[in-house]
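Please put together the full structure from these sequences, using the hints given.
Numbered according to the numbering used here, the sequence shown spans residues 1 to 483.
Keep in mind the hints are simulated off the structure, nothing from the lab.
Note that the coordinates shown come from a computational prediction; the quantities given were computed from them, not determined experimentally.
Heads up, a few of these hints could be off.
[Said to hold, decoys possible] Derived pair list, reagent style DSSO-like, types lysine-lysine, alpha-carbon separation capped at 27 Å:
| hint | residue 1 | residue 2 |
| --- | --- | --- |
| 1 | K331 | K302 |
| 2 | K331 | K121 |
| 3 | K302 | K318 |
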Amino acid sequence: MTYHKSNFYGNCEQASEPMHGLVRLMKLGIEELMTRLWAITFLFAIGPVASLADPLPDPITENMFIPVNRDEAILGQLLFYDPILSGNRNIACATCHHPYFATSDGVSLGLGEGGIGVGPKRRGDAKNMPVQRVPRNSPALFNLGANQFTVLFHDGRIEVFSDMPSGFRTPMDDDMLDGFDSILSAQTMFPVLSPDEMAGHHAENDVAKAVRQGLITGNGGAWDLLAKRVAAIPEYAQRFKAVYDHIDAANQIRFTDISNAIAKFIAQEWRSDTSPFDAYLRDPSVLLPPGAEAGMNLFYGKAKCSACHSGAFQTDHKFYAMAAPQLGPGKAATFENHAKDTGRMRVTGDSADAYAFRTPSLRNVMQTGPWGHAGSHSEMMGFLADHLDPSAAIERFANQGTERSGVLLPPLDVDDWREMDDPIARANIRKATVVKVPVALDNAEIASLVSFLRSLDDPQALSGRMGIPPTVPSGLSVGGFGD
1 MTYHKSNFYG NCEQASEPMH GLVRLMKLGI EELMTRLWAI TFLFAIGPVA
51 SLADPLPDPI TENMFIPVNR DEAILGQLLF YDPILSGNRN IACATCHHPY
101 FATSDGVSLG LGEGGIGVGP KRRGDAKNMP VQRVPRNSPA LFNLGANQFT
151 VLFHDGRIEV FSDMPSGFRT PMDDDMLDGF DSILSAQTMF PVLSPDEMAG
201 HHAENDVAKA VRQGLITGNG GAWDLLAKRV AAIPEYAQRF KAVYDHIDAA
251 NQIRFTDISN AIAKFIAQEW RSDTSPFDAY LRDPSVLLPP GAEAGMNLFY
301 GKAKCSACHS GAFQTDHKFY AMAAPQLGPG KAATFENHAK DTGRMRVTGD
351 SADAYAFRTP SLRNVMQTGP WGHAGSHSEM MGFLADHLDP SAAIERFANQ
401 GTERSGVLLP PLDVDDWREM DDPIARANIR KATVVKVPVA LDNAEIASLV
451 SFLRSLDDPQ ALSGRMGIPP TVPSGLSVGG FGD
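What follows is the structure in structure tokens.
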């Protein structure tokens, strides 16, 4: 007999096995027992609670994650917070993936090169202003060390693909280096190449020049230049030799070694599997926070959230067009003049993928806003309401629409609303959406969903296991945070 978790305190089993629930009740303390008996009486009075349409996921287990060596993670921690990996030595991975902002940056679209400060206080440097905003919202880093994550970035441009020499399909195609321990390691190779993120403006440093000239791999390529920077620092050279058996001398350090170390740190630091929901999945006698169980029933039932946000990490790792509002510079090729972002279609070339973006994991999601591929919403109630009927919602972003007030953008003299001010662009986004029939929920039900999402918050993951190092081997400002 298979027993299903109940919709109230996880304690109501199938009617054909009445003794199972009784035995579990007898194991409880007398005070909690009385509470449960009152709850059962109440349930009989009001009638049955709505059943789950989809099963709850199995609990997260240790074998779901890549193994992590502590010394390798410590090395990765130093590299993650060291601005040495940016062209101008002023931006670290942590600048846009800050632990204080739940591994994001607290804004809709961030400022990379040319920015000063952290999070919502980041602003343009008058001496070297950003050319544009980073085109997409900074994604959170929780559980990226889990084996289930085989595709990364909003558009999935990094994915496991055994036919490639490197084992991964990336924008580098056959020129991609090999030697990666995981897809997370492959992902960390690319932000350092973006002029808007870490490489720097055209021709202002050796890395930016190499990127501009298309010199990425090989001697003198952008990755090689950065690896040599790191290798020239004695403490890094010593640590790499101690951690990796294949490295006997500093000149053997490659950027794949750097990315492997950073990936192990991310996997260790932001593993998230100790939330209240995790505790409930492991032991259904554990009570969820107030309101969360009703939200869970909606999430896995009437609201249909689990149709896409399924599995242990609340994602099916697939791509869907959800009519997400587009703001900012968009993702255009150098010869194009538009501000649209067609998402997955930019990777596959398939028009069926137009405006589709990867289903994000929902771990710690209440802390990772603004939400949406372009950070269109900074308030979860509003985001969920719009998500249920996205075709109607997108019109509220048009022509100085009221929804724009939920966007958090650092000051920059650019036109962020070109797409939403264009009726044809809005129509194209609406046409592509997979949500043809809106899901009807009232405000109380949406509030219950929010309560459930809060039960996915993991205090240990949010605080981190290793923290921010006091210094980094380069001697530069930790995290590029400044004074």
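Hints and how they fare:
Between K331 and K302 the alpha-carbon distance is near 35 Å, which puts this suggested pair outside the 27 Å criterion. For a cut-off of 27 Å, the pair hint linking K331 to K121 stands: about 25 Å separates their Cα positions. Of the supplied pair hints, the one linking K302 and K318 holds, its CA atoms being roughly 21 Å apart against a limit of 27 Å.
Taken one by one, the earlier hints fail for this structure only at number 1.
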